[in-house]
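Here the structure of chain W is known, so what remains is to put chains Y and X in place on it, guided by the hints.
Chain by chain, the residues:
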Amino acid sequence: MFALLGIAGILTGLAGSIWLVVTGVRGARHGTTTGMWRPVQTILGGAALAMLALEAALVADDFSLEYVANNHARATPFPFNIATGWAALEGSIVLWGLILAVFTWFTHRSVVRQEREGDRIGPGALAVLGIVAIFFFGIQATVADPFRVCTEAVANGCVAASPLPWAAAQAPPDGPGPNPLLQNHILMAIHPPMLYLGFIGLTVPFAYGISALALREGGVEWLRRSRRATLVAWTFLTTGIVLGAWWAYEVLSWGGYWGWDPVENASLMPWLVATAFLHSALVQIRRGALQAWNFVLVIGAFSLTILGTFLTRSGVIGSVHSFTQSAIGPVLLGFLFLVVAGSFWLFATRSHLVADSPRLDSLVSREGSFLLNNLLLTVFAFVVLTGTLYPLVVEAISGDRVAVGPPFFSRMVVPLAFALLLAMGIGPHTTWKEADPARLAESLRLPVQIALGAGALTVLIATRIGYVVAAVVAGTFVIAASVSLLLNRARRSALARSSGSPVRLTGEIRRQLAAEPSFWAGQLSHAGVALIAIGIGFTSNLAQHSEVVMEPGDRVVFAGYDLAYRSPFLVTETSRRVQGATIEVAVDGEVVTELRPRANYYGADTSGISTPAIHTAFTGDLYLTLVRIDAAGILLRMDTSPGIWLLWAGGLIAAGGGLWSLTARRRAPVTAGV
Amino acid sequence: MSWTLTAALAVFVVAAVFLAPDPAEDRARALGERIRCPVCQGESIADSPSDPARDMMNLIRARVDEGRTDQQIIEELVGAFSGSVLLDPPVAGATLWLWILPVLAVGVGGGLVLSRFRPRKVPQSRLSRPAPTPLKRTAMGGMVVLAAGAIAMATVGQFRQGRVDNLAPIDPANISNETLEAVIAANRDDPQIVGMRLALANRYFEDGDYQRAFPHYEAVIEAEPTPIQAGAALTRLGWMVFDGNGEVELAIDLIDQALEAMPEDPFALYLKGRVVWCGRDDPNGAAVLFGQVLAAPDLEPDVRVSVETDLATAQAGSSCQ
Amino acid sequence: MRVVRWLASGMVFVSVGLAIVFTTRFGNDPVVVDSPLLGQPAPAIALPKLDGQGTVDLNAIDADVVVINFFASWCLPCREEQPHLVATANAFADRSVQFVSIAYRNDPADIAVFLEEYGSSPETLYLLDPGGRAAIAYGVFGIPETFVIGADGSVIRKIVGAADALLLGSTIDAVLAGEEPGQVVVGETFTGPDG
Numbered sequence: 011m012f013a014l015l016g017i018a019g020i021l022t023g024l025a026g027s028i029w030l031v032v033t034g035v036r037g038a039r040h041g042t043t044t045g046m047w048r049p050v051q052t053i054l055g056g057a058a059l060a061m062l063a064l065e066a067a068l069v070a071d072d073f074s075l076e077y078v079a080n081n082h083a084r085a086t087p088f089p090f091n092i093a094t095g096w097a098a099l100e101g102s103i104v105l106w107g108l109i110l111a112v113f114t115w116f117t118h119r120s121v122v123r124q125e126r127e128g129d130r131i132g133p134g135a136l137a138v139l140g141i142v143a144i145f146f147f148g149i150q151a152t153v154a155d156p157f158r159v160c161t162e163a164v165a166n167g168c169v170a171a172s173p174l175p176w177a178a179a180q181a182p183p184d185g186p187g188p189n190p191l192l193q194n195h196i197l198m199a200i201h202p203p204m205l206y207l208g209f210i211g212l213t214v215p216f217a218y219g220i221s222a223l224a225l226r227e228g229g230v231e232w233l234r235r236s237r238r239a240t241l242v243a244w245t246f247l248t249t250g251i252v253l254g255a256w257w258a259y260e261v262l263s264w265g266g267y268w269g270w271d272p273v274e275n276a277s278l279m280p281w282l283v284a285t286a287f288l289h290s291a292l293v294q295i296r297r298g299a300l301q302a303w304n305f306v307l308v309i310g311a312f313s314l315t316i317l318g319t320f321l322t323r324s325g326v327i328g329s330v331h332s333f334t335q336s337a338i339g340p341v342l343l344g345f346l347f348l349v350v351a352g353s354f355w356l357f358a359t360r361s362h363l364v365a366d367s368p369r370l371d372s373l374v375s376r377e378g379s380f381l382l383n384n385l386l387l388t389v390f391a392f393v394v395l396t397g398t399l400y401p402l403v404v405e406a407i408s409g410d411r412v413a414v415g416p417p418f419f420s421r422m423v424v425p426l427a428f429a430l431l432l433a434m435g436i437g438p439h440t441t442w443k444e445a446d447p448a449r450l451a452e453s454l455r456l457p458v459q460i461a462l463g464a465g466a467l468t469v470l471i472a473t474r475i476g477y478v479v480a481a482v483v484a485g486t487f488v489i490a491a492s493v494s495l496l497l498n499r500a501r502r503s504a505l506a507r508s509s510g511s512p513v514r515l516t517g518e519i520r521r522q523l524a525a526e527p528s529f530w531a532g533q534l535s536h537a538g539v540a541l542i543a544i545g546i547g548f549t550s551n552l553a554q555h556s557e558v559v560m561e562p563g564d565r566v567v568f569a570g571y572d573l574a575y576r577s578p579f580l581v582t583e584t585s586r587r588v589q590g591a592t593i594e595v596a597v598d599g600e601v602v603t604e605l606r607p608r609a610n611y612y613g614a615d616t617s618g619i620s621t622p623a624i625h626t627a628f629t630g631d632l633y634l635t636l637v638r639i640d641a642a643g644i645l646l647r648m649d650t651s652p653g654i655w656l657l658w659a660g661g662l663i664a665a666g667g668g669l670w671s672l673t674a675r676r677r678a679p680v681t682a683g684v
Numbered sequence: 002m003s004w005t006l007t008a009a010l011a012v013f014v015v016a017a018v019f020l021a022p023d024p025a026e027d028r029a030r031a032l033g034e035r036i037r038c039p040v041c042q043g044e045s046i047a048d049s050p051s052d053p054a055r056d057m058m059n060l061i062r063a064r065v066d067e068g069r070t071d072q073q074i075i076e077e078l079v080g081a082f083s084g085s086v087l088l089d090p091p092v093a094g095a096t097l098w099l100w101i102l103p104v105l106a107v108g109v110g111g112g113l114v115l116s117r118f119r120p121r122k123v124p125q126s127r128l129s130r131p132a133p134t135p136l137k138r139t140a141m142g143g144m145v146v147l148a149a150g151a152i153a154m155a156t157v158g159q160f161r162q163g164r165v166d167n168l169a170p171i172d173p174a175n176i177s178n179e180t181l182e183a184v185i186a187a188n189r190d191d192p193q194i195v196g197m198r199l200a201l202a203n204r205y206f207e208d209g210d211y212q213r214a215f216p217h218y219e220a221v222i223e224a225e226p227t228p229i230q231a232g233a234a235l236t237r238l239g240w241m242v243f244d245g246n247g248e249v250e251l252a253i254d255l256i257d258q259a260l261e262a263m264p265e266d267p268f269a270l271y272l273k274g275r276v277v278w279c280g281r282d283d284p285n286g287a288a289v290l291f292g293q294v295l296a297a298p299d300l301e302p303d304v305r306v307s308v309e310t311d312l313a314t315a316q317a318g319s320s321c322q
Numbered sequence: 718m719r720v721v722r723w724l725a726s727g728m729v730f731v732s733v734g735l736a737i738v739f740t741t742r743f744g745n746d747p748v749v750v751d752s753p754l755l756g757q758p759a760p761a762i763a764l765p766k767l768d769g770q771g772t773v774d775l776n777a778i779d780a781d782v783v784v785i786n787f788f789a790s791w792c793l794p795c796r797e798e799q800p801h802l803v804a805t806a807n808a809f810a811d812r813s814v815q816f817v818s819i820a821y822r823n824d825p826a827d828i829a830v831f832l833e834e835y836g837s838s839p840e841t842l843y844l845l846d847p848g849g850r851a852a853i854a855y856g857v858f859g860i861p862e863t864f865v866i867g868a869d870g871s872v873i874r875k876i877v878g879a880a881d882a883l884l885l886g887s888t889i890d891a892v893l894a895g896e897e898p899g900q901v902v903v904g905e906t907f908t909g910p911d912g
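Residue numbers (this note's numbering), protein chains in the order written: chain W, 11 to 684; chain Y, 2 to 322; chain X, 718 to 912.
Since the hints were made in silico from the structure, they are not lab data. These numbers were taken from a predicted model, which means no experiment stands behind them. Virtual Cβ for every residue (Gly too), placed ideally from N, Cα, C. Be careful, since some hints might not be right.
Stated by the list, open to error - What follows is a list of derived Cβ distance ranges for each label pair: (1) W/A66 with Y/A31: 50 to 56 angstroms; (2) W/A659 with Y/F19: 28 to 34 angstroms; (3) Y/P216 with X/Q757: 30 to 36 angstroms; (4) Y/L20 with W/R507: 56 to 62 angstroms; (5) X/D827 with Y/V92: 54 to 60 angstroms; (6) Y/E26 with W/T441: 54 to 60 angstroms; (7) W/L174 with X/G912: 45 to 51 angstroms; (8) Y/D257 with X/D768: 52 to 58 angstroms; (9) Y/I101 with X/G912: 38 to 44 angstroms; (10) X/A761 with Y/I101: 34 to 40 angstroms; (11) Y/P170 with X/A780: 23 to 29 angstroms.
Only chain W is shown next, with the shape it has when bound in the complex (with noise of 0.2 angstroms):
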């Protein structure tokens, strides 16, 4: 049963896609809105009906379904056999096609209010955003239908299945459950669609863009009426990369949180560009410049985002976070040089709607802060894409196998990353048209002489190394600069009005923010990042490691604690069993925690997973795993992460300014000054 609505979901949601497209191109010819919210609503409720009728089978523990048998355990506790849902191939590109739909309903929503006579962007978004889904509700329907019923089943799972729900199901009586990894942590039922939010947000402002270029309809209209999604979508995209990176720390016993894996990397580049296109709008939107960068700038997200989903579903690159390799990866591919190859020709052929950007006229000024960051995080982007990529090429061209690590981003990103920073600090202080250099230098003097205040700080108390000193710098110099900015502004409105009194200021420093909350969540979310950039100049640089072997009553001493084995343990559970050691951490002689690393058996598994202990103070974390426990006693392994707590905060603070951005709204009229 759940085969059948399931199927019926999903071609609903096609039939729906096919819909929108032809009342979307309809709409774009004549210029009118009309007609398109049955099939944005066709779409939506098939791609629901999919979900639900996944999830349904999975609370249900209906094993006559593939994807059940093979994905699921009657014992997987909830939330997990909800979060199976999206654990596996196949239920993942559901979830993809059903916030895909969420997305084009919300746009339909939008382009609908606009009341616009002879609104031609609008309906084209929509019928991009329509061809989009139909790839995805076309690969559910075909390759990665999540509906297959079981024909052959054996103890564990399925060995044979079919499209067709009405063929004879066996079921077998249970499943293997999903990955002992993806069960360890409630993260990991958040982190896959925070991310997907904003993977897929990012296909609005690329419909838009699409929209734009294909109805020859260049100019700001494109990215105004996409900001608020490419918002929303960033906002996911940061929250579900630092997610993912926490969950790593948490639950990955490396002590680590980016490896540079090829699938963490496929989540960045979007990301970056997300950025750059975050930033470079508002240029167009001010100023109508750089146009070119902007079109190509959206398209470069949306295509690393498909180039994503490709790399992680196809198996051409191995990785820890691959799926299993399936027949999606050459469908994949095709869309992926579709929408590559379609949308550079498309501008290639379009390109005398950007002819007549205006020139800048000088580099020191907010639109020259811009294009650099446009710059810096481009060559970033594709500092990322080219790490990732290489081994591939090689491999095919000269099969020689190469493996491009962390030494080599390291080496490539540290300095734009700081040349980034710099960016973030001087370009809120530089004006449109073109900045004084005197006065900037002035206004960033304070700022300036507080970073190397911090800086001389560092050295004093905590460390001489160059990179955290550094970090810790440019990272004060960025919350130094917006803050002295707001200040000084606060303080000239102020002095506009009456006598500046500390009263007054405070309400002066209020109405500032009310009167330009998008700038000032943006200046939120730049400090944000700098506190994510120390953060990682502390851990990078002056983490501690060692190991000990230990039988229960030993002591050890590590990094300032007192660390004392007092005993293992051993706990059965409904899906696994879990072994691990008690150990009594003390500080200066007083009690502070006890921690408890474990190694968590699932099923029949031999060898287990292990589960890190992490104490958080304020100086950092105290990170302990167990790296052998038997009879004779633990292998220990004990690390520092000091102020690893700054970059959680930093990426939650980053993302709480998209927040703000998408929240508040303009309540004073700008003031002078700005």
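Chains Y and X in isolation, oriented as in the chain W frame:
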């Protein structure tokens, strides 16, 4: 606050950093972060908790203590595992372009960006000739790029390091006796091994190694062979029994059994002829048998000649040679 | 805007190139690498014998062909390979061929049980690898892996995955005949008890 303060702070910080004593470097860990764990997906051996990674870290530590340089240690591991285990790609060889491309990108990008700020010159030359349409340009450019790319890939592909998987397929004629012995021993219970056994036994037989041939022929017969296989085995068993042990009647009996399985088989008839001639000292009986051999349709010419000689000699009544 | 147009056109055809590259990589197992030891002198290591009766210097083995096989009791393909190794070792007993089996991350007790169950040859040297040094020196990515060393002490052949008697025997024949170094992948390898 003035710029003097700023300068002073800057000098202080920079000096403090550059004059700092080198931190006690954990060389082993630094090296470990450059080597990929061979059994994990992309983790370095410094980070991976798996046993092979730990063994390799111990090796690195031992080598560091022995006083080897970083380069020597890396070369040792690359020499064992190949360059694919290096997370830090070298600025040479296959990974040279990896380092060049980003620098190129910065250069090209920076150039493009800066070029936007030059004052606009009126392009006199461009006004005089008509520019090709965008579509034509794209098509032309595309064809050039595509052609260049195809030629490049083809040329480079010539130098493609041959995957050493393409070893020549195993030619049965080249397989040694020992290999056949091993294969037979390893697949003892497989009924399809009978053919291989027979082939090996025939080889031993032709080499005159009756000791080794014997057990294989016996095994063939015990394994319910096809009539042709049975006939071949029995014939040769019979001959070995005669030629090796001098037993005449047993030999004839065995060859008769062979002839029951393979009637009128020339080889069996011939060997029986020889046994009868040399064993029973019966040239007439032998001559009859040789005559039956010659009646076979597809004898090879040199075999025919040899049998005719024997026939003539037997008919002449001489004893066998 | 010519620059822009050219760049965009260029992107289209870069994507063609990349599409070609990706297509060639489908279905390719990204893990198996060609051993750099082929044609090079075999590593010199001394390993203790399983029965505790001394050590064997892998370099000092006096034979025309040395067959070094890495195995473990927890490795499923190794269980299939063992009878073939035993049979081949026995078959080549009176040739100058020495079989060496090195246990990879395995307890002596487990190894003994494995050899009981799947067979062992009196002609073969069974060795332990403390600290995994031999596995590292030979660049072992997973087991079973078999290295065949020629009379001049260099690694001529490498077999990745479980070999059968035919492959082992013909490889030895090839090495004895002085053929070129080469590597062949015949099956999956295990890196740990779960695969």
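Next on the checklist: Going through the numbered hints above, which ones does this structure break? Give me the numbers in ascending order.
Outcome noted: Of the numbered hints, 3, 4, 5, 6, 7 do not hold.
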